[in-house]
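One-letter residues, chain by chain:
Number of protein chains: 2
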Amino acid sequence: MELIRRNTDYALRALVLMAKDRTGDVYVVTRLANEARVPEDFLRKTLQRLDKAGIIESKRGPKGGFQLSKDPARISVLDVMEAVQGPLAVNRCFLKDIGCDNFNRCELKEKLIGAQQDMVDLFKSVTIRELAAERG
Amino acid sequence: MELIRRNTDYALRALVLMAKDRTGDVYVVTRLANEARVPEDFLRKTLQRLDKAGIIESKRGPKGGFQLSKDPARISVLDVMEAVQGPLAVNRCFLKDIGCDNFNRCELKEKLIGAQQDMVDLFKSVTIRELAAERG
DNA sequence: TATAAAGAGGACTAAAATTGTCCTATAAGG
DNA sequence: CCTTATAGGACAATTTTAGTCCTCTTTATA
Ligand code: FES
Ligand code: FES
Chain A
377 MELIRRNTDY
387 ALRALVLMAK
397 DRTGDVYVVT
407 RLANEARVPE
417 DFLRKTLQRL
427 DKAGIIESKR
437 GPKGGFQLSK
447 DPARISVLDV
457 MEAVQGPLAV
467 NRCFLKDIGC
477 DNFNRCELKE
487 KLIGAQQDMV
497 DLFKSVTIRE
507 LAAERG
Chain B
377 MELIRRNTDY
387 ALRALVLMAK
397 DRTGDVYVVT
407 RLANEARVPE
417 DFLRKTLQRL
427 DKAGIIESKR
437 GPKGGFQLSK
447 DPARISVLDV
457 MEAVQGPLAV
467 NRCFLKDIGC
477 DNFNRCELKE
487 KLIGAQQDMV
497 DLFKSVTIRE
507 LAAERG
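Chains as they are written, first to last, in this note's numbering: chain A, 377 to 512; chain B, 377 to 512.
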């Protein structure tokens, strides 16, 4: 099983493209999609989520597009994952909007919640800047 | 998104039940399923995978059932996850049987593969014994 | 040896999630 | 006011997950 779904993967690729030349430009989805070889409409919907999460900003109209709204060093892979595919949990029980009627009696959860926190921290520590920095 | 699917969750619960009283008993799926409040047939299929992975052993016939074949301290959550739901990867590209035609040129992979290894190590470090030890 | 109690294994299904596509609306520059 | 771009939602195809069911094999024991 993979942790990163297609849409998150696409989002990461687009963000890296944007982070590479920090000209402050606005990027049109058509171009990002071509360069990342990714379905355009799907990418656009995904970028809209990043916009709502405050990771990028959208501008409509001619000369419009998407633009980073943060320093790439301050955008973590976790931020992107959670913006695109929702909260990251080890077990379904630990998701707020699902929950578990057995939570109080459950004997598995302490250790697993610990592991979940470690995992979250792990992906919080990898940033777009680092991804963009690989091989120049 | 959650890392542990239903079948892995069920498997963990069954393993913890087995680990709790180390009488060396053989456990019938009907009983495990009742105690863990889990669908019996589905649990049986899941336990069959644990058997193939060498984590438990099955015995057919009357007085048959499943039995731990290792010390619970030597069964990690990762072992169970991989036995039940296959290899754990950060990105689809990193799964052997899927792969990626862009792998050589890809600029995202180094950091992400590093994170993947950390994640694997993390779940390798949590054992059934620890899960079973919670609250007596 | 007949019977019954288990798991083995595969076919099948239902439901849910993922991964898209498409159409209309809205915003803004020129 | 025309064109370029995103916004947003409805829709569809595919894949995955989760589960059920049926038949077969193994084995203890009456
Ligand atoms: S928290 Fe739900 S069963 Fe453990
Ligand atoms: S390894 Fe497949 S695109 Fe990065």
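Mixed in with the good hints, there may be bad ones.
[What the hints assert, rightly or not] The list that follows gives simulated cross-link-like pairs (lysine to aspartate or glutamate, EDC-like), each with its CA atoms no further than 16 Å apart:
1) B/Lys-487 x A/Glu-433
2) B/Lys-485 x A/Glu-506
3) B/Lys-500 x A/Asp-494
4) B/Lys-487 x A/Asp-497
5) A/Lys-487 x B/Asp-497
6) A/Lys-487 x B/Glu-433
Don't read these hints as lab results, they were simulated from the structure.
To see whether the hints hold, each was checked on the structure:
1. At roughly 26 Å between alpha-carbon atoms, B/Lys-487 and A/Glu-433 are farther apart than 16 Å, so this suggested pair is violated.
2. The suggested pairing of B/Lys-485 with A/Glu-506 holds, with an alpha-carbon distance near 11 Å, which does not exceed 16 Å.
3. With a CA separation close to 13 Å, the supplied pair B/Lys-500 and A/Asp-494 stays within the 16 Å bound.
4. Simply put, B/Lys-487 and A/Asp-497 have alpha-carbon atoms about 15 Å apart, close enough for the 16 Å limit, and the pair holds.
5. Pair hint A/Lys-487 plus B/Asp-497 holds up; C-alpha atoms about 15 Å apart against a cutoff of 16 Å.
6. Taking the CA atoms of A/Lys-487 and B/Glu-433, the gap is near 26 Å; set against the 16 Å cutoff, the hint is violated.
When the structure is compared with the earlier hints, violations turn up for hints 1 and 6 and for no others.
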